[in-house]
Amino acid sequence: MPVGRTHRLRHLRVFRGTPEDGGELVEYSVPVQEGMVVLDALHWIQANRAPDLAVRWNCKAAKCGSCSAEVNGRPTLTCKTRLSDLPEDIPVQVEPMRTFPLVRDLVTDVSWNYEVNRRITPFTPPEDAPEEAWRWQQEDIERVQEFRKCIECFLCQDICHVLRNHETRNPFMGPRFLVRAAGLELHPMDRADRTPYLKDGGGIGYCNITKCCTEVCPEHIKITDNAIIPLKERVADTYYDPVQVAWRKLFGRRSEAGSGQPIPGQPSADGS
Amino acid sequence: MSRARDQYETHAHDVLVIGAGGAGLRAAIEAQAAGASVGLVCKSLLGKAHTVMAEGGVAAALANVATDDSWRTHFRDTMLGGKMLNNWRMAQIHAQEAPDRVRELERWGAVFDRTRDGRILQRPFGGHSHPRLAHVGDRTGLEMIRTLQDRAVASGLAVYMECTITRLLTDGDRVIGAIGYWRTTGDMVVFRAKAVVLATGGIGRAYQVTSNSWEYSGDGHALAYEAGAELIDMEFVQFHPTGMVWPPGVRGLLVTEAVRGEGGILRNNENDRFMWRYLPDERRHEYAETDSEASRWVEALREGRQTDARQPPELSTRDNVSRAIYTEVREGRGSEHGGVYLDISYLPPELVRRKLPSMYEQFRELAGVDITTGPMEIGPTCHYVMGGVRVDAETGASTRTGLFAAGEVAGGMHGANRLGGNSLSDLLVFGQRAGVGAAAFAKEVAPDKPGSGELALAGTELAAPFDHHSGTNPYRLHAELQATMQSLVGIFRTAEDLETAIERLGELRAKWATIEVSGPRAYNPGWNLTFELKNMLICSEAVARSALQRTESRGAHSRIDHPDPDPAWAKRNSVVSRDGDQMRVGHSRLPEMPAELRELITP
Chain A
59 MPVGRTHRLR
69 HLRVFRGTPE
79 DGGELVEYSV
89 PVQEGMVVLD
99 ALHWIQANRA
109 PDLAVRWNCK
119 AAKCGSCSAE
129 VNGRPTLTCK
139 TRLSDLPEDI
149 PVQVEPMRTF
159 PLVRDLVTDV
169 SWNYEVNRRI
179 TPFTPPEDAP
189 EEAWRWQQED
199 IERVQEFRKC
209 IECFLCQDIC
219 HVLRNHETRN
229 PFMGPRFLVR
239 AAGLELHPMD
249 RADRTPYLKD
259 GGGIGYCNIT
269 KCCTEVCPEH
279 IKITDNAIIP
289 LKERVADTYY
299 DPVQVAWRKL
309 FGRRSEAGSG
319 QPIPGQPSAD
329 GS
Chain B
36 MSRARDQYET
46 HAHDVLVIGA
56 GGAGLRAAIE
66 AQAAGASVGL
76 VCKSLLGKAH
86 TVMAEGGVAA
96 ALANVATDDS
106 WRTHFRDTML
116 GGKMLNNWRM
126 AQIHAQEAPD
136 RVRELERWGA
146 VFDRTRDGRI
156 LQRPFGGHSH
166 PRLAHVGDRT
176 GLEMIRTLQD
186 RAVASGLAVY
196 MECTITRLLT
206 DGDRVIGAIG
216 YWRTTGDMVV
226 FRAKAVVLAT
236 GGIGRAYQVT
246 SNSWEYSGDG
256 HALAYEAGAE
266 LIDMEFVQFH
276 PTGMVWPPGV
286 RGLLVTEAVR
296 GEGGILRNNE
306 NDRFMWRYLP
316 DERRHEYAET
326 DSEASRWVEA
336 LREGRQTDAR
346 QPPELSTRDN
356 VSRAIYTEVR
366 EGRGSEHGGV
376 YLDISYLPPE
386 LVRRKLPSMY
396 EQFRELAGVD
406 ITTGPMEIGP
416 TCHYVMGGVR
426 VDAETGASTR
436 TGLFAAGEVA
446 GGMHGANRLG
456 GNSLSDLLVF
466 GQRAGVGAAA
476 FAKEVAPDKP
486 GSGELALAGT
496 ELAAPFDHHS
506 GTNPYRLHAE
516 LQATMQSLVG
526 IFRTAEDLET
536 AIERLGELRA
546 KWATIEVSGP
556 RAYNPGWNLT
566 FELKNMLICS
576 EAVARSALQR
586 TESRGAHSRI
596 DHPDPDPAWA
606 KRNSVVSRDG
616 DQMRVGHSRL
626 PEMPAELREL
636 ITP
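Order-wise, the sequence lines are chains A and B. Residue numbers for the first sequence follow this note's numbering, beginning at 59 and rising by one. Residue numbers for the second sequence follow this note's numbering, beginning at 36 and rising by one.
What the hints contain is simulated information worked out from the structure, not anything from laboratory work. For clarity, every value in this text was computed on a predicted model and none was experimentally measured. Virtual Cβ for every residue (Gly too), placed ideally from N, Cα, C. You may find that some hints are simply not true.
To be verified - Computed Cβ-Cβ distance ranges for the label pairs, DEER-style:
1) 495/B - 87/A: 45 to 51 Å
2) 291/A - 209/B: 44 to 50 Å
3) 67/A - 636/B: 55 to 61 Å
Said to hold, decoys possible - Cross-link-like lysine to aspartate or glutamate pairs, in silico, DMTMM-like; alpha carbons within 20 Å at most:
4) 280/A - 147/A
5) 484/B - 152/B
6) 606/B - 627/B
7) 138/A - 496/B
8) 280/A - 197/A
9) 138/A - 405/B
10) 280/A - 152/B
11) 280/A - 627/B
12) 546/B - 627/B
13) 138/A - 396/B
Said to hold, decoys possible - Residues from chain B shown here face chain A by an in silico Cβ test under 7 Å; the list is partial:
14) 82
15) 144
16) 146
17) 153
18) 185
19) 190
20) 217
21) 282
22) 286
23) 288
24) 404
25) 405
26) 541
27) 543
28) 554
29) 559
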């Protein structure tokens with residue numbers, strides 16, 4: 059990359075290493091151009107200093123959610139974090155997401171998320187709905203569309219203290235998959251009931267609504283207020299509301315299509 | 036230290052799909068549903084493919100907004116937009132089947148924006164005579180890929196993530212699998228398959244200014260070429276008119292055509308709405324006569340009602356708008372950073388934020404520009420390749436037995452210029468067809484085992500860059516390639532430039548053979564880039580040689596030394612194929628369109 063009008067340098071401290079060698083922070087000085095983002099700086103380092111620096115990225119447009127990392131300790135997309143928005147007097151520290159096992163340098167193993175996702179009952183519309191049933195007003199789907207904005211960057215999973223600090227040994231699907239479940243549950247044509255799964259297999263009760271996930275979401279999805287709390291209410295109504303409980307005992311419940319499979323053990327950055 | 040790996044894992048499937056964007060996912064879902072065992076390989080994590088960046092919408096004549104729309108008008112628009120070089124049968128199938136494919140996505144859980152009467156909303160786009168693009172704000176690609184991804188995962192097919200394919204395995208005349216490596220470990224992996232579907236997207240990373248992600252290195256084009264399949268129409272590379280131009284780090288990033296679809300106006304530094312001057316005579320009557328007619332059209336669109344006003348001049352086809360912007364800038368009427376202005380700020384801010392939420396975010400966060408209060412600076416960016424693997428319209432079969440292709444890697448559907456929105460519909464329609472085609476083929480043949488020679492060769496190729504000591508850095512070589520393609524094989528071309536480009540590409544190829552890589556094999560981006568560079572070099576040469584051969588201007592291919600269309604070339608597809616170590620370039624006769632379809636275009 060050519061050096062722009064200015065030759066001002068910014069210092070970065072980038073995590074390099076593998077689980078075997080433990081890794082360390084390595085300093086690089088990078089010439090700065092106007093509007094430069096952290097990912098630009100990492101690319102400059104790859105092209106000029108460390109050709110094997112491992113970074114996961116795809117679109118560089120904040121649309122694919124691949125380049126998640128922790129910049130100055132905060133989970134963020136490196137492609138939309140501008141150097142000019144970070145304090146100038148200290149080096150920019152770039153580290154991999156801490157919640158997931160390290161692969162190399164800034165790349166982590168996020169496959170646990172894909173395993174969790176597979177456990178969620180997919181979209182289940184009625185098989186015989188007539189064409190007219192597939193008409194909805196824009197207002198009826200706006201909430202679902204909010205949840206479907208998720209780009210699966212897993213920053214919410216990374217910041218979630220339940221997952222990050224291994225606060226429970228029991229399964230907890232994490233904010234990303236509560237958002238997916240909410241998007242399915244609120245879809246006007248979905249007929250599955252994921253409530254039992256959310257309560258047991260998904261561990262929704264472990265979320266104690268600290269809203270950290272909402273704060274880091276690059277798509278500005280109101281994860282806690284709009285997805286998790288309504289799902290928690292749904293679970294509470296079903297299992298703890300005496301009227302509902304009695305009703306269920308008398309008449310049975312709605313179709314319960316949950317896969318019933320437990321989600322796999324939680325990810326662990328220390329490999330345990 | 037020897038890095039050759041003696042051990043490798045092997046997976047066997049009936050159908051192997053390479054690429055997990057829209058086309059690959061759709062093909063995999065269909066092949067699985069047809070009873071085949073399916074493996075789906077992708078270079079990235081699942082759900083990150085380039086389709087996720089598609090913004091404006093998927094074109095299908097649902098006739099929800101314009102009730103007089105039909106597959107016939109969609110077919111006509113597509114053929115005219117492609118300057119009649121399209122494979123007519125593909126264009127016909129595409130127009131006829133796109134509505135079913137879109138409705139099917141809705142049945143699988145996609146949540147499109149709605150009309151007032153609750154149906155799928157459709158927006159206008161360049162070159163489409165009717166509002167035709169089903170969409171979700173400006174993140175349609177994300178909605179599509181998530182829907183397809185969830186469907187594919189629920190179907191139980193095998194997904195191999197972060198796996199790069201470097202070679203197709205062949206046995207005589209047949210493709211029988213593929214070989215590659217895991218990006219996370221660098222270890223070799225072999226896939227045996229009765230049929231292989233390429234769905235690897237485009238080649239845009241060969242250019243400096245591009246809207247394409249790093250994955251777009253022409254892998255499928257090059258794999259097919261190396262395996263002996265034909266590529267057609269490679270000279271047709273689409274430059275999207277509106278990419279960001281500032282700041283430098285985001286130069287080329289896509290600004291969706293939906294900005295113009297919603298009423299965005301293009302102006303130069305003299306505040307002149309220059310597109311009025313660039314409308315081609317033969318289609319002038321399809322566009323508004325005055326600013327006020329164009330405004331009436333935008334107003335009617337906003338209120339969701341029919342109008343007799345015609346569309347604004349900004350909605351001309353992409354090839355034309357890109358040339359116009361390029362010319363304005365070259366003649367000194369450009370913006371501060373070498374683009375022109377695109378303005379949507381005259382519309383109510385809340386409308387802009389609702390219709391174009393990710394554009395609003397993109398400019399606010401990456402450029403510090405509020406598009407609800409001022410104009411964007413934009414310029415052309417390499418976006419799409421119309422050319423690709425020659426396929427059978429019905430099944431997606433390439434000219435090599437056992438090899439299929441769908442989506443951007445396949446050629447023919449879009450002719451000399453693709454209309455916006457026709458890519459998302461293309462990948463659904465032909466992804467589905469390739470899935471059917473590959474599964475049916477797989478039922479007919481017995482599995483075959485790759486020869487040990489081919490596997491050993493692939494292993495040696497993987498290890499070689501670590502043994503070189505030339506000092507040739509893959510990143511620098513990539514930058515040289517991009518500079519060559521950008522300056523010599525861009526929007527406007529001449530024989531002299533193209534000849535120079537071909538010579539330079541030869542030099543770069545020689546350098547590539549000695550490229551030096553350091554570090555481990557595990558997640559090593561310099562090493563990964565080496566194999567992508569090989570593919571980009573093949574594709575770049577195919578583009579340059581095809582462009583030199585076509586001595587006319589048509590659609591996205593503009594020759595300064597041959598500025599007019601040539602009736603002789605109107606009937607020819609360019610054809611590229613491998614002849615030993617040489618690239619053979621020729622042409623073949625364009626398939627003849629039946630009279631009843633011809634009448635739809637020129638009644």
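Is the Cα-Cα distance between residue 138/A and residue 405/B 20 Å or less?
-> 16 Å, holds
Is the straight-line distance between the alpha-carbon of residue 138/A and that of residue 396/B 20 Å or less?
-> Judged against 20 Å, a Cα distance of about 10 Å means the pair holds.
Closest C-beta approach of residue 554/B to chain A relative to 7 Å, hint status = Residue 554/B check passes; min Cβ-Cβ to chain A is 3 Å, inside 7 Å.
Residue 291/A paired with residue 209/B, Cβ distance criterion 44 to 50 Å | Given a distance of about 58 Å, which is not inside 44 to 50 Å, the answer is violated.
Once the shortest beta carbon distance from residue 543/B to chain A is found, is it less than 7 Å?
-> Status violated, d = 17 Å.
Does the nearest C-beta of chain A fall within a distance shorter than 7 Å of the C-beta of residue 286/B?
-> 10 Å, violated
With chain A as the partner, please determine if residue 185/B meets the hint condition of a C-beta pair closer than 7 Å.
-> Holds: closest Cβ of chain A sits about 6 Å from residue 185/B, inside 7 Å.
Given pair status - residue 496/B, residue 138/A, alpha carbons within 20 Å | Cα-Cα ~36 Å, so violated.
Chain A contact restraint on residue 146/B - CB to CB distance below 7 Å = 5 Å, holds
Against chain A, is residue 153/B within 7 Å by beta-carbon distance?
-> 3 Å, holds
Residue 280/A paired with residue 152/B [C-alpha distance capped at 20 Å] | Violated - the C-alpha atoms of residue 152/B and residue 280/A are around 28 Å apart, more than 20 Å.
For the hint on residue 559/B, just tell me whether its beta-carbon gets within less than 7 Å of chain A.
-> Hint on residue 559/B: holds, closest Cβ of chain A at ~5 Å, below 7 Å.
Hint violations for this structure: numbers 1, 2, 4, 5, 7, 10, 11, 12, 19, 20, 22, 24, 25, 26 and 27, all remaining hints satisfied.
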